[in-house]
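Colleague: If you're matching them up, the sequences are chains H and W in order. One point on numbering: in my numbering, the residue at position 163 of the first sequence is 208, and numbering is uninterrupted. One point on numbering: in my numbering, the residue at position 295 of the second sequence is 340, and numbering is uninterrupted.
A hint or two may mislead.
Below, computed lysine to any residue pairings styled on SDA-like, alpha-carbon distance capped at 20 Å [to be verified]:
#1 H:LYS338 to W:ARG78
#2 H:LYS314 to W:LYS165
#3 H:LYS165 to W:GLU307
#4 H:LYS354 to W:LYS165
#5 H:LYS347 to W:LYS298
#6 H:LYS165 to W:THR311
#7 H:LYS343 to W:TYR73
#8 W:LYS314 to H:ASP195
#9 H:LYS347 to W:LYS314
#10 H:LYS314 to W:LEU302
#11 H:LYS294 to W:MET335
#12 W:LYS314 to H:LEU353
#13 W:LYS338 to H:TYR82
#14 W:LYS165 to H:LEU317
#15 H:LYS294 to W:GLU326
#16 W:LYS338 to H:LYS314
#17 H:LYS333 to W:LYS314
#18 H:LYS333 to W:ASN85
#19 H:LYS108 to H:ILE49
#20 H:LYS338 to W:THR83
#21 W:LYS50 to H:ARG337
#22 H:LYS247 to H:THR268
Covered by chain H, according to a simulated footprint, are these stretches of chain W (three or more residues, beta-carbon under 8 Å) [unchecked claim]:
#23 73-80
#24 84-95
#25 291-305
#26 309-316
#27 342-350
Across the chosen pairs, the derived CB separations fall in these ranges [said to hold, decoys possible]:
#28 W:GLU319 to H:SER271: 46 to 56 Å
#29 H:LEU327 to W:GLY281: 52 to 62 Å
#30 H:ASP240 to W:SER271: 32 to 42 Å
Hints in this document: simulated from the structure, not taken from any laboratory. If you're wondering where the values come from, they're calculated on a predicted model, not measured in any experiment. Positions of the beta carbon are idealized from the N, C-alpha and C atoms, including for glycine.
2 protein chains.
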Amino acid sequence: MDLIKNLLKGDKLSIARVISQVEDDTGYDILDRIYPYTGNAYHIGITGPPGAGKSTLVNAIAKKLLRESYKIGIIAVDPTSPFSGGALLGDRIRMGDLSLQKNVFIRSMATRGSLGGLSKKTKDVALVLDAAGMDYILIETVGVGQVELDIAQVCDTKIVVLVPESGDSIQAMKAGLLEIADIVVVNKGDREGSDSLLIELKFAFDLKPKTGWRVPILKTIATDDSGIDELVKEIGNHKEYLEKSDEIKKLQKMRILNQIHEYIETEIKRHLRETVIDDKELDRYIEKIMERKVSPYKIARKIMENMLKGG
Amino acid sequence: MDLIKNLLKGDKLSIARVISQVEDDTGYDILDRIYPYTGNAYHIGITGPPGAGKSTLVNAIAKKLLRESYKIGIIAVDPTSPFSGGALLGDRIRMGDLSLQKNVFIRSMATRGSLGGLSKKTKDVALVLDAAGMDYILIETVGVGQVELDIAQVCDTKIVVLVPESGDSIQAMKAGLLEIADIVVVNKGDREGSDSLLIELKFAFDLKPKTGWRVPILKTIATDDSGIDELVKEIGNHKEYLEKSDEIKKLQKMRILNQIHEYIETEIKRHLRETVIDDKELDRYIEKIMERKVSPYKIARKIMENMLKGG
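Could you build all of it, start to finish, from the sequences and the hints given here?
Modeller: Structure follows, in structure tokens:
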């Protein structure tokens, strides 16, 4: 098929079309067909609280990698990202600038409205970008929800972005975020409090048990590219570490296992919706449950047993 | 069993124990047994961006309802909530004060670490509190992740809390949040910009198609209880509206359907983990997938077909 041929060449229109088809979720023929061409892209997750400047950082990293002649895919799962249309007009124009470049493809994922499936869809889009020959896929997620964190977790290098003014309400979040971090960035490093945040973070990481990789804690001012060279260098170091230590294989395995599970879940939900549950029967059950004659758990168990019997 | 008898009487220690048992997830015997005693609590969801003062508002609402002699359950799904230990010491002490009162039970839900199941667990805890005789269950969620929003969505009255300084990065979020709102609160109403935010919101809601319920847009300063009386009054109005219009039945049905679905999903995942997938076989599959000889989708389909055949 021409569409897939053109996708593999990195044609932007074809990428967009394949993504639409994948999102429509009608069968997995295309994913099956592009799958042999995936496995070459390096996945970088950028996560942190709203307002940490993640998109500006993604922008700066992408520009640096572009200058090194790499092809870049960007996926924004963050509802507050300018990539997904959630910020000031000025920001959006600045980002738009990047999207016009030949070797960049930007895709934003809706985090509202769709009931579930966000995690799976994001990873499917990443596969399409992988097949399209992207060297790096940058995935921006807001580090609050579980789904978003789960997406970050399947990336090869996970960057956690914080800002001094994140404030105390972010404290609780930080602990969880820092656990997944391969690189920590204190962005807006010219603002008051950034040095003490840096020291605090270094202290916290010094207390942790040593592993093969020491988490670098960097200061950036993404708006004027300050610190970006060093950040990209550390991404390279982490990539090298993963490759040498064979950790990269573990990550790839995890990603595959994850895909298998998510696909099974999606298909089972569809199966339940389409074939097992009879609407009228379900309505009768719900009536009984509302009268508290039976619990939803009993009914669910019954439906499931029917399904497993080939119902 | 004494434990359940004591739970039904509202004994705090028994509530905590039953919640632990429910969270351990070993069978649904307890949920089945308490289910006949549920269906009486009114569920209020409080959601909004981090830093909007949701916990302080929950605190103020709870205190007001306590003075009216109601029993209150509070569930904090927000990782930045002081109820779940995520804020300044001062805040935590203020909240702790509430937890010492006889007719209040506070439970925070971990939003990190657990891979999935948060939504189901939250609703299970709500059922326990319902059976324990709570008149109102207040559920605080941060309005960013999908799971958290999904939890808010099954509440009877959904309150969306915003603050003027939420800033542009929150704009994108607002649209999605406001769609689920039954009541909108502009908190920290003494700060600059709150009046213009109020006007902006009123304008936005005026443009929406009319339904039976007009969404009130209120200003509060939760830290000194300002506006709380009116807010609680509007909660009462909304409750009355739901009851008179029979909308409450629809919500209850939705909640039950939701429970059935979530229970089925949980059980299917367990079933897959425990019986269908052989680890060694899976390892072999993953090797093949890593060599790109087959796609994860094909393997997933195979596993699923085996399961449906009673495998």
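Colleague: Between LYS347 of chain H and LYS298 of chain W, does the CA-CA distance stay at or below 20 Å?
Modeller: 18 Å, holds
Colleague: Hinted pair, alpha-carbon criterion (20 Å max): LYS338 of chain W, LYS314 of chain H. Please report holds or violated.
Modeller: Given that 20 Å is the threshold and the Cα spacing comes to 27 Å, the pair is violated.
Colleague: If you draw a straight line from the CA of LYS354 of chain H to the CA of LYS165 of chain W, is it 20 Å or shorter?
Modeller: Violated: LYS354 of chain H and LYS165 of chain W sit about 25 Å apart, past 20 Å.
Colleague: Verify the coverage statement for the region 84-95 of chain W against chain H, using a C-beta to C-beta distance below 8 Å and requiring 3 or more qualifying residues.
Modeller: holds (count 3)
Colleague: Given the hinted pair LYS314 of chain W and LEU353 of chain H, is their alpha-carbon gap at most 20 Å?
Modeller: Distance ~13 Å between LYS314 of chain W and LEU353 of chain H Cα, so the pair holds.
Colleague: Check whether the Cα positions of LYS314 of chain W and ASP195 of chain H lie no farther apart than 20 Å.
Modeller: OK: LYS314 of chain W and ASP195 of chain H at ~17 Å, within 20 Å.
Colleague: Decide if the proposed pair is consistent with the structure: LYS294 of chain H and MET335 of chain W, CA atoms, cutoff 20 Å inclusive.
Modeller: Holds, at roughly 9 Å.
Colleague: Tell me if the straight-line CA distance from LYS333 of chain H to ASN85 of chain W falls inside 20 Å.
Modeller: 16 Å, holds
Colleague: Given the hinted pair LYS338 of chain H and THR83 of chain W, is their Cα-Cα distance within 20 Å?
Modeller: Holds, because 11 Å separates the two Cα atoms, which is no more than 20 Å.
Colleague: Would you say the C-beta atoms of GLU319 of chain W and SER271 of chain H sit inside 46 to 56 Å of each other?
Modeller: 52 Å, holds
Colleague: Do the alpha carbons of LYS165 of chain H and GLU307 of chain W lie within 20 Å of each other, as the hint requires?
Modeller: 18 Å, holds
Colleague: If you draw a straight line from the CA of LYS108 of chain H to the CA of ILE49 of chain H, is it 20 Å or shorter?
Modeller: This hinted pair is violated, its Cα atoms lying about 27 Å apart.
Violated hints, in rising order: 4, 16, 17, 19, 22, 29; the structure is consistent with all others.
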